[in-house]
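Student: Chain by chain, the residues run as shown.
There are 2 protein chains.
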Amino acid sequence: MPEVRVIEIHENIFADNERTAQQVRKYCSDNKTFFLNVMSAPGSGKTTMLVELINRLKDTCSIFEMDVDICSTLDAKRVADLTGVPSLQIHNGGLCHIDADMMQRALQQVDLSGIDLLILENIGNLVCPAEFDTGAMKNIMLLSVPEGHDKPLKYPLMFQVADLIVVNKIDTMAYFDFDVNQFKKNLQTVNPNAEVISISAKTGEGMEKLVRWVENEIQKVKK
Amino acid sequence: MPEVRVIEIHENIFADNERTAQQVRKYCSDNKTFFLNVMSAPGSGKTTMLVELINRLKDTCSIFEMDVDICSTLDAKRVADLTGVPSLQIHNGGLCHIDADMMQRALQQVDLSGIDLLILENIGNLVCPAEFDTGAMKNIMLLSVPEGHDKPLKYPLMFQVADLIVVNKIDTMAYFDFDVNQFKKNLQTVNPNAEVISISAKTGEGMEKLVRWVENEIQKVKK
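Keeping their order, the protein sequence lines are chains A and B.
Under our numbering, the first residue of the first sequence carries the number 1069, and numbering increases by one thereafter.
Under our numbering, the first residue of the second sequence carries the number 1069, and numbering increases by one thereafter.
Take every hint as true, because none was put in to throw you off.
Identical chains blur together in the list; that is why a pair holds if it fits in one copy or across any two.
Here are the simulated BS3-like cross-link-like pairs (lysine-lysine), alpha carbons at most 30 Å apart as the crow flies:
#	residue 1	residue 2
1	Lys1252	Lys1270
2	Lys1206	Lys1126
3	Lys1270	Lys1253
4	Lys1126	Lys1291
Hints in this document: simulated from the structure, not taken from any laboratory.
Isolated chain A, as found in the complex (with noise of 0.2 Å):
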């Protein structure tokens, strides 16, 4: 396994998030980077996700990735562990969120020369998150078939901040009352430019799709 770092980055209520978050954007963009930020429910696998999204980009592009969580290192290790990429753990002092100052103090541990895929694992939560900018140049939303499908009505600003959709578990369809149509009908009520993909991360199904997405965003920071 490679080497886990665990920094701790705390809040920085003065600093000003958008002017911050365009100051990372540019800073991935001229290293050639591409930003992921990627945000869920607690439990919606983003890790199993990002372990099998990883393992098949990793042959054909540099990654690092970056974890958020209040205090564990579980999950950093999880993806260091099971892909062999660089991991770094933010541990942010007990919050909700993380702004783009902290992503900015972040990035000050990486060589980002040579990275082509940056992803940022988000703390688990549908609220906080929406409202921070981390300087990401897309976010991915996962959210997981038990969940339901009302969710983007009850929590819209997390669905509207969102680029891509992804409805994971979809392998657990049959014992669930999530309704395809019906999620679709509420995710048009807040964002109808979303796009959504399908996938069960634990069997593999629709991973391909989510690959080449990922591969044409870094290929659109390359040009």
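Given chain A, put chain B in place with the hints provided.
Tutor: Here is chain B on its own, set in the frame of chain A:
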């Protein structure tokens, strides 16, 4: 369906949460009302569990339900529709939690005399609601099987403030890698005193045990 009222309650940043929480608890205690706060991640099945709980209790005790959400009235309407008990939807202005001052203002809308059980369905979030004492006498934390057994380690404060952990969706145990023994070990490290009741709100398994727990707490307040 009984009327579902909706109120907008935003945070007062000058409120002293701990003192106000004590006032709320005393007010409920004076009215012989057991105030129960129910927390979980989004999609854990709080509303389904509450509908099942209320339908098993409503013939023997008088119940009022409050639901916190960012902007929708889905949950309060569902509870009122499926149980017939009165429900109040609190819109918290996009916040990730409800605090004791907001709760105190919500209580101004309710006549507690004769109410045996006041249930607050908190916003779906494993971080922020744990930080704010609502004035409830007991906290239930719902964890669903699809979310995984590692959650006590990742969201320790939520599991620490909970008096009772309800493990929901146990009917789906065969489809997920939820290790019950590992979950209990994880919980032990953050809250060795928490009680655990396993249920499936969908099939009804375990619900009678939960009903007895709530009835017992209602009786304590009556004494």
